[in-house]
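Asks: Protein chains in written order, with our numbering: chain A, 1 to 274; chain B, 1 to 337.
Everything labelled a hint here was simulated from the structure, so no lab data went into it.
Fair warning: this is a prediction, and the values are worked out from it, not measured in the lab.
Don't take each hint at face value.
[Claimed, not checked] Covered stretches of chain B (chain A as the covering partner; in silico rule of three or more C-beta atoms under 8 Å from a C-beta of chain A):
1) 133–141
2) 218–226
3) 280–290
Every residue gets a Cβ at the ideal spot worked out from N, C-alpha and C, and that includes glycine.
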Amino acid sequence: MALEAQGLCVAYGGRKAVEGLSLGIRGGEILALVGPNGSGKTSLLKALAGVLPAAGGGVFLDARPLASYRRRELARRIGLVAQVHPPLEDLLVAELVGYGRFSREGAGPPGARGRKVIAAALRAVGLEAFAGRELARLSGGERQRAWIAMALAQEPDFLLLDEPTTHLDLAAQLELLALLKELRDQRGLGIGIVLHDLNQAAALADRMALLSGGHLLASGPPREVMRESLLSASFGVAGRVFDAGGKPHFAPERSLRHNGEAGRPIAPSGKESP
Amino acid sequence: MSKALSPTAVGARSGPPFIITLVGLASFLALAAVTSLSLGAIRVHPAALFSALSGRGSAATLLILRGIRLPRVLLGALVGASLSLSGCLLQAVMRNPLAAPNLVGVSSGAGLAALVAMIVFPGKPGLVMPLSFAGGLGAALLVYLLAWKRGARPSRLILAGVAVSSLLGAAANALVALRPDRLLGATDFMVGALAGRGWRQLGLAASYALPAMGASLLLSGRLNILALGDEAALGLGLRPERNRAVFLALAALLAASAASVAGLLGFVGLVAPHFARLLVGADFRRFAPASALFGAGLLVACDCLARCLFDPLELPVGVVTAIVGAPVFLGLLREKR
Chain A
1 MALEAQGLCV AYGGRKAVEG LSLGIRGGEI LALVGPNGSG KTSLLKALAG
51 VLPAAGGGVF LDARPLASYR RRELARRIGL VAQVHPPLED LLVAELVGYG
101 RFSREGAGPP GARGRKVIAA ALRAVGLEAF AGRELARLSG GERQRAWIAM
151 ALAQEPDFLL LDEPTTHLDL AAQLELLALL KELRDQRGLG IGIVLHDLNQ
201 AAALADRMAL LSGGHLLASG PPREVMRESL LSASFGVAGR VFDAGGKPHF
251 APERSLRHNG EAGRPIAPSG KESP
Chain B
1 MSKALSPTAV GARSGPPFII TLVGLASFLA LAAVTSLSLG AIRVHPAALF
51 SALSGRGSAA TLLILRGIRL PRVLLGALVG ASLSLSGCLL QAVMRNPLAA
101 PNLVGVSSGA GLAALVAMIV FPGKPGLVMP LSFAGGLGAA LLVYLLAWKR
151 GARPSRLILA GVAVSSLLGA AANALVALRP DRLLGATDFM VGALAGRGWR
201 QLGLAASYAL PAMGASLLLS GRLNILALGD EAALGLGLRP ERNRAVFLAL
251 AALLAASAAS VAGLLGFVGL VAPHFARLLV GADFRRFAPA SALFGAGLLV
301 ACDCLARCLF DPLELPVGVV TAIVGAPVFL GLLREKR
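Generate coordinates for the entire structure from the input sequences, incorporating the hints supplied.
Replies: What follows is the structure, encoded as structure tokens:
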């Protein structure tokens, strides 16, 4: 099982957000997408989910172009958890999770198998006792887990998450990351996740992809991506990378943007673009 | 093997089961209908209604019941259900709890077209209904086209709807000011009324409204997915743009068929869905039928009041829906957290 971008370009009204990018996620691994604001992480994630069309190149699921899949067929393979959710004031947790069955059972009430899957999804995210509770009455972390449960109810092979830890307190962030590891290990899910916290990404991911200006700067195991030169060139921040319990850890020291030392997009070769 | 949630646990909600709520709403509609059929210049005891309707009474009673009150009650139920269901669909499509049929230009389009028909074809009142129906649908189409920019996003639909409604409303007011001689009967239409409507109007409205209602209820589960936002909907396997267009067309069809027979009735399309949502929650599979039932009961009850409050004088039912609707709506808002 593999979800791959090949020479992918994504554009918004003529402005290219992702340009000529090739990258893949395999089943049973976590790939963290990192990079500064505007580097193309979210656009890449949405293109991988088939939500944004490719303006060039393509995305392939098991070597077949995403565009050749029917929309519901795709939803049975890939679950997407967006960064921002509508308020949905009086919706119940179980109702939201039940909507994840749309691609498999249509818009009617879920059948016996669907109800089992919904119960399992709620249990997996630790919200079984909250099934009958209104979404608006949950904490930020619980609500984020409810949306993940909805994606799990799709029974996907790949789960794509866009900055799921934003607005969560530290404990909720750690719980969420532990849940993702569990999903990878127990269900063999391929997980693609956009994260802003580099150290969190390095601790969680099997592989990292560092983006800058819509290009892929580096990808591989965290140790290969978490390099001082790459990070300072991409983020415009000077700092040190050291080992923390077997995982690379980046300690930022100062911004380089004010004096123009870095922060400009650099080309895949590692050289700054003109 | 993982244990399944029970069917009721999936979407379990405090309060009575959905089917009980539906029976309650249907009883409200039935009570409103029986009361409306019984009261009036000639009173018929509710217990004698069935025998009177089947012709075992005086000829005058039969004529009043079959020729006037029954079609009016049925039309009230149809128009109320149409407006309420239209409001319910629009709330999902626009992702806005204040969305109502007048927001997509249907009411102002139907109103302007009706006035034009009265001025241009003064001797042909039969043209008012089809032209206002076409005007309502035309205005909704205009709103959709104006909102289109690589798709018709809800925020653009709302802005286009407000702009088109204002413009068409202003044109209608200009016609009322310029040609008052030709628009003597226009007040009823502009406020909304069911007086004088019979089987012909019921048949015409039903021919559009009933198929649209059936399709809306059949597809209502998709509204749940649409309400999650475009990206989430796509991720779940639903094409939002296509479905939005379908539901907008259904909402416009329902509202235009209602406006063409009853005029520009306010508040039903806003208040009834809110009340229904409070009863059955946000799942459109329950919310849509509950909205339709409550809207039907509400309008039949309001029409009964409009007929009987100042008997023998009659108020346009639109005045009553606004008088009843405004405080009920404010009460509902206070109920919400």
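Asks: Would you mind marking each hint as holding or not holding in the structure?
Replies: Going through the hints against the structure:
1. Counting residues of the segment 133–141 of chain B whose CB falls under 8 Å from any CB of chain A gives 0; the rule of at least 3 is not met.
2. Counting residues of the segment 218–226 of chain B whose beta-carbon sits less than 8 Å from any beta-carbon of chain A gives 6, enough to reach three: the coverage restraint holds.
3. Residues of the segment 280–290 of chain B lying with their CB closer than 8 Å to a CB of chain A number 4, which satisfies the three-residue condition for coverage.
This entry does not satisfy hint 1, going by the numbered hints stated previously; all others are met.
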